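Number of protein chains: 2
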Amino acid sequence: MGSSSVRRKKKQQEIHVTPPQSLSYDGFSFDITHADPHSRARTGTLKTPHGTIETPNYIFCGTKASIKNLSPHAMRQAQTDIILANTYHVMIQPGADLVEKIGGLHKFMQWDGPMMTDSGGFQIFSMGHGSVADEIKGRNKIDRGKSLLKVTEEGARFKSYWNGTYLNLTPELSIEIQRKLGADLIYQLDECTAYHVDKDYTARSMEMSHRWGDRSLAEFERHHDGSQALYGIVQGGVYEDLRDISCAYVNDRPFFGLAVGGSLGGSEEEMFDVVNMCMQRLREDRPVHLLGIGRIKDVFDFVRLGIDTFDCVSPTRIARHGWALVKGLPGERLNIRNACFRDDPEPLDPRIDIPASRDYSKAYLHHLIKSGEMLGMQLIAQHNVATINMLMREVRAAIKDGTLDQLQKEWLPE
Amino acid sequence: MGSSSVRRKKKQQEIHVTPPQSLSYDGFSFDITHADPHSRARTGTLKTPHGTIETPNYIFCGTKASIKNLSPHAMRQAQTDIILANTYHVMIQPGADLVEKIGGLHKFMQWDGPMMTDSGGFQIFSMGHGSVADEIKGRNKIDRGKSLLKVTEEGARFKSYWNGTYLNLTPELSIEIQRKLGADLIYQLDECTAYHVDKDYTARSMEMSHRWGDRSLAEFERHHDGSQALYGIVQGGVYEDLRDISCAYVNDRPFFGLAVGGSLGGSEEEMFDVVNMCMQRLREDRPVHLLGIGRIKDVFDFVRLGIDTFDCVSPTRIARHGWALVKGLPGERLNIRNACFRDDPEPLDPRIDIPASRDYSKAYLHHLIKSGEMLGMQLIAQHNVATINMLMREVRAAIKDGTLDQLQKEWLPE
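Chains as they are written, first to last, in my numbering: chain A, 1 to 414; chain B, 1 to 414.
Hints listed in this document are in silico derivations from the structure and should not be mistaken for laboratory results.
What you are looking at is a predicted structure, and each value in this text was computed from that prediction instead of being measured.
You may find that some hints are simply not true.
Given that identical chains are not distinguished, each listed pair holds provided it fits within a single copy or across any two copies.
[To be verified] Lysine-lysine pairs mimicking DSBU-like chemistry, simulated, CA-CA at most 35 Å apart:
hint, residue 1, residue 2
1, Lys-47, Lys-297
2, Lys-370, Lys-150
3, Lys-370, Lys-159
4, Lys-107, Lys-327
5, Lys-150, Lys-400
Extracted from the complex, chain A is given alone in its bound form (with noise of 0.2 Å):
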């Protein structure tokens, strides 16, 4: 069970509160457009009230309420549609009050359109480090008991890595955090078991991150006022019957979208299977999320099994490495830095509609990543935000199309 230096919770009194049976999301909507008749894969339309966009859709990750590099203008000119912020972060620095008392993440940030956070769970329980490198996910690289200090059926303690401070993260301080930033679409507090724990610990776990989603449900019907809308996460790990019991619960429940959570195992195949069984028993009518994954194979994998929308740092991240993603390439991506790309005239990738993609030579790209010039991560980031943009517009037009198999030979040829 991993640091001994995280306690465990047991025997603790179980915090039962009654959620609403229904809550109004008057803002928001989910339609879908297009159902496969073949997979599980369909395009819709998901309205907030800072936009209506088209699913399924890629939110691109602003963790410290700042896309790596990049502008809100930058990632409009990118074709970005949506974004997200981490509550973790976020709410260490700068806090949620003071981006309240500026107008919340909207303005905050200069976005003006659909934004999500999560809960801040995710951070506390996978990261554990008293120092955090700028983003973080890869989930099976969990070090607890650095930061995290205890979880209880209260919530999770842990230590800032900002000023050391000691932070309390319940469920109803997820949500008010969340209210405060302001986000369209935030998400429920919930404990994110490690891959190695056994099945005992993730049914009780799963048991308590459902009584933490009636506690976010509770909170967040508290000040509901119809401007932002909640997701709700299944647990259950690698087990079937857990899974089975997490879906009946979130479906059970006034929930506007629902998101995959806890551990979906340790191999690609794994988390296929994992994803497989939760979409097979999540209603249909709700927006669902895949949280933190998203390469390219990825995206290709998981909307065929009705996915609508994807989040990853690695269009951003891996830009600061050299490494572009275009469309065709067989490992999704190129290293710039490569000296085959010293002396190459050609732009990344003619066929996207702005400079970083279409002007800008490769051995220029090459040289401002080799002198460690910031122009450069900037224009492969932003070349790596247009690129995915690029495969979600076409990868709705082939749902549309019944032509998925084959657009996905075009963007990963064997």
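Put chain B on the given structure of chain A with help from the hints.
Only chain B this time, still in chain A's reference frame:
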């Protein structure tokens, strides 16, 4: 005389070359549009094959063929007219041949406006470190002898910080490299003397720089096709009689433009006096550039002496440390890291019509810089560039209106 590892040139055979009597600069022109009756301040238009700029103007530094953190699009949005690249950095990495192969610096950098390159000499003479800070000017911090190996009549021998190879920058090579880079406005090679050299050294160095000027002119003429225009550089240190000789030299040669170079003294007052000496002697029909000087106060001081163009890395360099230039602040700038900006909802300067200046709160910029987010440096850099461009627009208008004193009080209140 500083480091002993740099062997002084002495008893070397002088290399005399017959420079051209005249050169045609058909694609270029410099026209004075207004001359202030009470000072030597003037406005003008400087025409190049890549566009015409109004003067006085400010040339932003793209040291390694990139303005730090800012794309050409962002520079244009900030109303930038002209940029420069440093020949020294570009010749070392990626190299002039590669840039020429890609189509020249304009195409390489995707900047379609007027561009300047320096001779490459300044960095060799003034930096002299085995490794190189990203951008270095700061004329008083001269440490000769680490990368500079030897100055001879032929040229300056030095060691590449990039790969340790030995290079000999001669006047002919500097012109050849700048021809390959293809900027509109280029420079003769000169020896940049340090502040503390004696008059005898300064005089001999000046004479050699004049011979280097003639060799630069001859090499320039050999391949002159009308696409570039050559600037000569006034030497002579702080010595009026030497400045007299050097001004006569550059006035007499067919340079398109002139620049005040060499040691400008050890204090602000001395710098003012040295520039003043030169500006009293330089012919008035050519554009005059002041190398590497460009605080807001400098702009006001030196446009009154007749300077037409400035360059300095500081607007983009200080942005990386959180310093924002703002019109009307006594010290020219504020540091966004200051705790007083933590919850400041106001933008940096609503008078400037770009998001970086007008839309983002200081609180957000404070958060970005405190969190190490590159977007913060990017936004402040663009704001600083836009501020300087607003300064130059207002300076040009004030010269025409005779209101320069009043404008200076608005920008720099006591």
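Results for each hint:
1. Lys-47 <-> Lys-297: within (27 Å within a copy, 52 Å between copies)
2. Lys-370 <-> Lys-150: For Lys-370 and Lys-150, only the inter-copy Cα distance (29 Å) is at most 35 Å; the intra-copy one is 44 Å.
3. Lys-370 <-> Lys-159: between (38 Å within a copy, 19 Å between copies)
4. Lys-107 <-> Lys-327: Classified as both; 34 Å inside a copy, 25 Å across copies.
5. Lys-150 <-> Lys-400: Classified as neither: same-chain Cα gap 48 Å, cross-chain 70 Å, threshold 35 Å.
Hint compliance for this structure: hint 5 is the single one not met.
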